[in-house]
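Q: When you get a sec, could you build the whole thing from the sequences and use the hints?
Numbering (the working numbering), first residue to last: -17 to 223.
In case anyone wonders, no lab produced these hints; they're calculated from the structure.
Since we're looking at a predicted model, the values are computed, not measured.
Heads up, some of the hints might be wrong.
Quick list of the computed label-pair ranges, beta carbon to beta carbon [unchecked claim]: (1) 64 - 128: 20 to 30 Å; (2) 108 - 196: 43 to 53 Å; (3) -8 - 100: 12 to 22 Å.
Quick reminder that beta carbons are idealized off the backbone N, C-alpha and C, glycines included.
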Amino acid sequence: MLAVPILLLIARPGLRGRTKKDLLAVVAFGIVLGLMNLSFYLSLERLPLGVAVTIEFIGPLGLAAAMSRRRRDLIAVAAAAAGVVLVNGHDLSKVDWIGVGFAALAGVFWAGYILLSAETGRRFAQLDGLALAMVVSSLITAPIGVATAGADLLHWHHLALGAAIAILSSVLPYSLETLALRRMNPAVFGILMSLEPAVGALAGLLVLSQRLSAVQIAGMVCVVAASITVTRTPRSEQRDL
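A: Okay, here's the thing in structure tokens:
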């Protein structure tokens, strides 16, 4: 919620002169953004951070493969699926399928986020579209947050912590992604995104003391390698970009 006023102060977006298609694009972007965050945080209640991020990453990986006609991309998706199985452990009876479902749902919304972020970026300058989408997103997440935390949200400690989380988990990453995609090759950006499962596992270890087994780490490597395979552009295609 606190990310909204911060972004509005930075971007100061206006609606004057906007078409109906512009508004529909930003509303759709905001809905997907809110559902993506909600699904992901629900998955974190049941799964380690590294596991949740790895499963979620199947969304953009599948999108990249779906937009490609190369046979090797289908092989990469199969390798990623195997990696997800390894990440969840060899004993399927111990898998928290509800958590896996939330993480997978977040991945689907992440794929939608990528498509709608690009569409909104074409229609709005700077961070205007993102700021407006965050307003729409807050209409989904804010009622749930208020219902869950209640009056505790008004405590100064929670407000300070919430502001820090808003900046680090929403304002900075979403703003930097929006700006980066306007300045770099999408293929290169995709390769950098493939580091997220590893970064998530490292953050889970350092911040939350969540340790992964060797099998789970191997599964994570499969997903990262599959992502690099899908997003890697042949030299002949790079010259055309």
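Q: So does residue 108 sit 43 to 53 Å from residue 196, Cβ to Cβ?
A: holds, 45 Å
Q: Lying within 20 to 30 Å: is that true of the beta-carbon distance residue 64 to residue 128?
A: At roughly 41 Å between Cβ atoms, residue 128 and residue 64 fall outside 20 to 30 Å, so the hint is violated.
Q: Please check whether residue -8 and residue 100 have a Cβ separation lying inside 12 to 22 Å.
A: Check passed, 21 Å falls within 12 to 22 Å.
The structure fails to meet hint 1 from the earlier list, while all remaining hints are met.
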